[in-house]
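Asks: Build out the structure end to end from the sequences listed, making use of the hints.
Chains as they are written, first to last, in numbering that gives the first Met the number 0: chain A, 0 to 338; chain B, 0 to 338.
Read the hints as simulated data drawn from the structure, not as lab findings.
Accuracy of the hints is not assured; some may be wrong.
As the list claims (entries may be wrong) - If you only want the chain A side, here are some residues facing chain B, beta carbon under 7 Å, derived:
#1 V43
#2 M45
#3 V46
#4 L124
#5 F128
#6 L146
#7 A153
#8 A165
#9 D169
As the list claims (entries may be wrong) - Derived BS3-like pairs: lysine-lysine, alpha-carbon spacing no greater than 25 Å straight-line:
#10 B:K135 / A:K135
#11 A:K110 / A:K59
#12 A:K144 / B:K135
Stated by the list, open to error - So these bits of chain A aren't anywhere near chain B, every CB distance computed over 10 Å:
#13 E158
#14 S205
#15 S292
Positions of the beta carbon are idealized from the N, C-alpha and C atoms, including for glycine.
Each chain, written out:
2 protein chains.
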Amino acid sequence: MGVVVPLESDRGEGSDAVERLTELVGADMDRVTDLILSRLASQVEMVPELAGHIVESGGKRLRPMMTLAAASIVGYQGTDHVKLAAAVELMHTATLLHDDVVDESDLRRGKEAARKIWGNQASVLVGDFLLGRAFKMMVEVGSLKALDILSTSACVIAEGEVLQLATTKDTRTTEDAYLQVVNAKTAALFAAATEVGAVIADRPDSEQAALSSYGRNLGIAFQLVDDALDYSGRQATLGKTVGDDFREGKLTLPVVLAYRRGTADERQFWERTLRDGDQNDGDMEQAIAIMESHGCLDDTIGRARHYGAIACDALAIFPESDMRDVLISLVHFCVNRSY
Amino acid sequence: MGVVVPLESDRGEGSDAVERLTELVGADMDRVTDLILSRLASQVEMVPELAGHIVESGGKRLRPMMTLAAASIVGYQGTDHVKLAAAVELMHTATLLHDDVVDESDLRRGKEAARKIWGNQASVLVGDFLLGRAFKMMVEVGSLKALDILSTSACVIAEGEVLQLATTKDTRTTEDAYLQVVNAKTAALFAAATEVGAVIADRPDSEQAALSSYGRNLGIAFQLVDDALDYSGRQATLGKTVGDDFREGKLTLPVVLAYRRGTADERQFWERTLRDGDQNDGDMEQAIAIMESHGCLDDTIGRARHYGAIACDALAIFPESDMRDVLISLVHFCVNRSY
Numbered sequence: 000m001g002v003v004v005p006l007e008s009d010r011g012e013g014s015d016a017v018e019r020l021t022e023l024v025g026a027d028m029d030r031v032t033d034l035i036l037s038r039l040a041s042q043v044e045m046v047p048e049l050a051g052h053i054v055e056s057g058g059k060r061l062r063p064m065m066t067l068a069a070a071s072i073v074g075y076q077g078t079d080h081v082k083l084a085a086a087v088e089l090m091h092t093a094t095l096l097h098d099d100v101v102d103e104s105d106l107r108r109g110k111e112a113a114r115k116i117w118g119n120q121a122s123v124l125v126g127d128f129l130l131g132r133a134f135k136m137m138v139e140v141g142s143l144k145a146l147d148i149l150s151t152s153a154c155v156i157a158e159g160e161v162l163q164l165a166t167t168k169d170t171r172t173t174e175d176a177y178l179q180v181v182n183a184k185t186a187a188l189f190a191a192a193t194e195v196g197a198v199i200a201d202r203p204d205s206e207q208a209a210l211s212s213y214g215r216n217l218g219i220a221f222q223l224v225d226d227a228l229d230y231s232g233r234q235a236t237l238g239k240t241v242g243d244d245f246r247e248g249k250l251t252l253p254v255v256l257a258y259r260r261g262t263a264d265e266r267q268f269w270e271r272t273l274r275d276g277d278q279n280d281g282d283m284e285q286a287i288a289i290m291e292s293h294g295c296l297d298d299t300i301g302r303a304r305h306y307g308a309i310a311c312d313a314l315a316i317f318p319e320s321d322m323r324d325v326l327i328s329l330v331h332f333c334v335n336r337s338y
Numbered sequence: 000m001g002v003v004v005p006l007e008s009d010r011g012e013g014s015d016a017v018e019r020l021t022e023l024v025g026a027d028m029d030r031v032t033d034l035i036l037s038r039l040a041s042q043v044e045m046v047p048e049l050a051g052h053i054v055e056s057g058g059k060r061l062r063p064m065m066t067l068a069a070a071s072i073v074g075y076q077g078t079d080h081v082k083l084a085a086a087v088e089l090m091h092t093a094t095l096l097h098d099d100v101v102d103e104s105d106l107r108r109g110k111e112a113a114r115k116i117w118g119n120q121a122s123v124l125v126g127d128f129l130l131g132r133a134f135k136m137m138v139e140v141g142s143l144k145a146l147d148i149l150s151t152s153a154c155v156i157a158e159g160e161v162l163q164l165a166t167t168k169d170t171r172t173t174e175d176a177y178l179q180v181v182n183a184k185t186a187a188l189f190a191a192a193t194e195v196g197a198v199i200a201d202r203p204d205s206e207q208a209a210l211s212s213y214g215r216n217l218g219i220a221f222q223l224v225d226d227a228l229d230y231s232g233r234q235a236t237l238g239k240t241v242g243d244d245f246r247e248g249k250l251t252l253p254v255v256l257a258y259r260r261g262t263a264d265e266r267q268f269w270e271r272t273l274r275d276g277d278q279n280d281g282d283m284e285q286a287i288a289i290m291e292s293h294g295c296l297d298d299t300i301g302r303a304r305h306y307g308a309i310a311c312d313a314l315a316i317f318p319e320s321d322m323r324d325v326l327i328s329l330v331h332f333c334v335n336r337s338y
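Replies: Encoded structure:
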């Protein structure tokens with residue numbers, strides 16, 4: 000029932016990437032965490048309570064680590080990368096709070112979603128507060144170019160979420176249209192997070208572009224694997240509810256492929272379950288069976304591997320280093336994490 | 000049944016203030032409107048549709064006019080005030096979209112609320128998009144101090160909304176606690192809107208502070224009169240639903256005063272209708288009758304007049320001019336608009 004990952008190399012390749020990355024940027028990440036917690040302070044009790052709940056529930060904190068890693072690979076010597084990384088994580092946290100409201104999710108990272116404890120209203124408003132705090136931190140850094148990159152990504156993310164809302168339940172969504180959603184709602188922030196690391200170090204455009212490309216393509220690969228995992232029984236361990244996308248009628252890549260490759264009967268199945276939202280016991284298992292019969296989950300991972308390869312090649316202009324190694328290894332981890 | 004306004008001067012004082020202000024900043028306001036409409040553009044159809052709905056429903060656009068007026072009174076010669084004014088209006092529009100979701104409102108400015116047409120989900124996301132666009136425009140202006148002032152106000156507004164959420168239905172809310180809400184959710188943006196007008200003109204701190212104080216106190220007066228109007232039958236003409244605050248259990252100043260001044264029976268009435276949300280036909284009329292018996296609506300306007308006076312005095316450091324005249328006149332309009 001799990002996703003079969005067609006590996007080109009060892010099954011475990013990249014499996015220690017997150018640990019190695021954490022080792023390399025660990026001291027800075029501690030500063031990022033301290034900074035975030037200190038910036039959640041507010042006289043209004045509910046603000047740090049609710050924000051703390053989602054911030055402390057952790058997650059992998061990949062995005063702020065991307066900013067720290069990018070600053071490190073270009074040899075940045077200052078301290079502003081910590082503030083920008085914290086701002087990136089707060090932006091991401093704000094979108095998670097709003098996403099939970101939009102998706103009516105009950106769980107987030109294996110814990111009860113904030114909206115279930117404090118309500119949708121507080122989640123919307125505390126999300127706004129975190130977005131405001133994120134911008135304030137970027138302003139403190141004082142780099143107009145970094146501000147431009149991050150505020151642009153904030154618009155793009157919101158646009159992507161609206162686009163996803165509009166395509167939800169539309170079984171005729173094309174792979175291109177779906178990639179546009181992924182680019183906007185996930186890859187844009189990864190790209191911005193890495194790009195600003197080079198920007199504050201005043202590195203040449205070529206290095207800024209390389210890091211932006213790495214972040215963008217890693218983000219796409221990451222999202223596509225996430226999409227495949229949503230149809231894998233193993234996902235329960237990741238703290239999301241298995242089958243969330245299916246239940247919400249989200250047209251992710253495995254479904255896009257399955258609909259296009261499917262028989263007339265199978266298309267009717269997708270229309271009933273996703274377009275019409277008429278789902279019965281056993282439908283999720285049926286969905287997975289159809290996907291597997293057409294190789295849709297494998298091919299989704301295959302597509303992820305394609306973007307991952309672009310991400311790795313983008314780093315080729317940097318001299319060899321532990322950090323470059325780890326960032327390449329992280330791509331393998333993202334693609335192979337389906338076990 | 001209407002609010003009786005204890006006027007110190009002619010009933011109509013300030014009645015032409017908005018027209019005169021519109022005359023003075025009209026050309027710039029046209030630029031602001033064009034700029035806003037051009038920045039709503041998006042490949043994602045629903046974004047300009049939904050955003051256009053709320054932007055075009057108009058309202059008085061007081062906040063962006065404040066930025067233009069402040070820039071004018073300090074003799075600013077550039078063009079960045081137009082961008083900042085547009086950013087201020089987009090920030091405000093974003094909070095309106097989120098407010099409607101939080102308050103579950105059906106109407107906004109006399110039109111069907113966006114959330115009723117496009118849903119809560121799209122309203123949350125398009126609000127985020129507008130906030131992102133607002134920041135992008137501020138970044139284009141490139142004044143880090145203006146960015147700091149406006150991003151700080153974004154945090155303060157969100158905090159104020161959360162505070163209001165926490166105090167909703169709490170009949171024991173004090174006047175001070177309520178003023179804190181008003182300061183944050185309304186006055187902070189007015190203060191920021193006027194202050195940045197002086198900031199981009201590089202005027203001395205004393206002038207920035209004077210304009211910030213004018214904006215803040217005008218904002219407080221404006222909100223308090225709004226609160227009184229919510230218990231006035233005349234409000235239907237303003238495009239809000241009469242009695243919204245009452246139905247939502249909001250503890251605004253008229254209620255704060257009525258609860259403190261009330262008899263035991265009256266306090267029970269407020270607890271049943273606002274704390275417990277148990278409302279019957281005739282309760283709104285009863286609420287107004289209790290308020291009038293204790294002079295709460297008149298005194299709310301009286302409090303507004305107090306803050307209005309501070310706003311007017313703040314402008315005293317500027318030489319006499321048409322603009323200063325109009326801004327003072329605007330305070331009178333705000334306080335006297337209850338007819």
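Asks: Each of the hints needs a verdict: does it hold here or not?
Replies: Verification of the supplied hints:
{"no.": "1", "hint": "V43", "in the structure": "holds, 5 Å"}
{"no.": "2", "hint": "M45", "in the structure": "holds, 5 Å"}
{"no.": "3", "hint": "V46", "in the structure": "holds, 6 Å"}
{"no.": "4", "hint": "L124", "in the structure": "holds, 5 Å"}
{"no.": "5", "hint": "F128", "in the structure": "holds, 4 Å"}
{"no.": "6", "hint": "L146", "in the structure": "holds, 5 Å"}
{"no.": "7", "hint": "A153", "in the structure": "holds, 4 Å"}
{"no.": "8", "hint": "A165", "in the structure": "holds, 6 Å"}
{"no.": "9", "hint": "D169", "in the structure": "violated, 13 Å"}
{"no.": "10", "hint": "B:K135 / A:K135", "in the structure": "holds, 13 Å"}
{"no.": "11", "hint": "A:K110 / A:K59", "in the structure": "holds, 14 Å"}
{"no.": "12", "hint": "A:K144 / B:K135", "in the structure": "holds, 11 Å"}
{"no.": "13", "hint": "E158", "in the structure": "violated, 5 Å"}
{"no.": "14", "hint": "S205", "in the structure": "holds, 24 Å"}
{"no.": "15", "hint": "S292", "in the structure": "holds, 33 Å"}
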